[in-house]
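**Q** Each chain, letter by letter, is given below.
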Amino acid sequence: MAEVLTFDSFRPGASMGRATEAIDDEILASWRQLYPWDAAPAGELPAGLATVLLMRAYMHLLTPRPPGNIHARQRLELLAAIAPGEEVTTEIVCVGKELKRERRYVDLACRASGKAGRPLFDGRMTIIWAA
Amino acid sequence: MESNLNILAPAALQVDRQAILAYARITGDFNPIHVDPEFAARTPLGGVIAHGTLSLNLIWQSLAATFGSEALRGAAIDIRFTKPVREGDRVEAGGRRSADAPGRFDVWVRNQDGIAVIEGTAILFATKESGR
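Quick note, the sequences are listed as chains R and Y, same order.
Each residue of the first sequence is one higher than the last, beginning at 45 in this note's numbering.
Each residue of the second sequence is one higher than the last, beginning at 5 in this note's numbering.
Please keep in mind that the hints were generated in silico from the structure rather than gathered at the bench.
Quantities reported herein were computed from a predicted structural model and do not represent experimental measurements.
Mixed in with the good hints, there may be bad ones.
[What the hints assert, rightly or not] Here are a few chain R residues that face chain Y, going by a calculated C-beta distance under 10 Å:
1) 109
2) 157
3) 166
[Stated by the list, open to error] Take a look, some chain Y residues computed to stay more than 12 Å from chain R by CB distance:
4) 9
5) 36
6) 82
7) 105
Every residue, glycine too, gets a C-beta built ideally from N, C-alpha and C.
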């Protein structure tokens, strides 16, 4: 079993890896049940599913995590609409970490691309790391 | 639902246990702070909190309801999760045009007590009135 990813193990500048995934029919159906008003044009996913892809990549790549991490800040730029079923590759890079008022802040940059490498979204998230 | 091009249309969600668990399945995020009441009770937060992005999604929906989904291409947000969202809260996203820069909006998500749980900015480069 892999060791838990702790604050000390983060190396700013280091890639945490890439994850490739598509929003499948099951996830989309769950989304529509949760947010039934969130319609998107035919052939496009609602914008919020970019965040879902980011979070799923984070879950996949940064593991095992200590329990109790807290999402503190999110920046996200949507570069293109994502198609249902489109395979999206998201890379996450540690771009910084800081101990501030006894809290451990980890900054992660992400960049996602889709079919034929077309850019889909860029983002940055700050997580208060639990251990 | 009242909106114009300076005020974003509201988007609201009742954050009950079912919604939190559904979102955990959607994101694959089963952090015990969200899904394990006993664990969450032992943390400084004192209980279960909802995933921050469960509420953040409402800001995208508010922007899309106001300007249309096509306006979100090239859009950017920068937000902070300022307060926890508790099970049982009702949250509502909104925003208003900022005087600081064209296409920029101050955005938020507030709970049933009017307390901001998310605050930040959104930038749209293709709002209807600009014709871009």
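**Q** Taking the numbered hints from earlier one at a time, note which ones the structure violates and give those numbers from smallest to largest.
**A** Hints 2, 5, 6 are the ones this structure does not satisfy, whereas the remaining hints hold.
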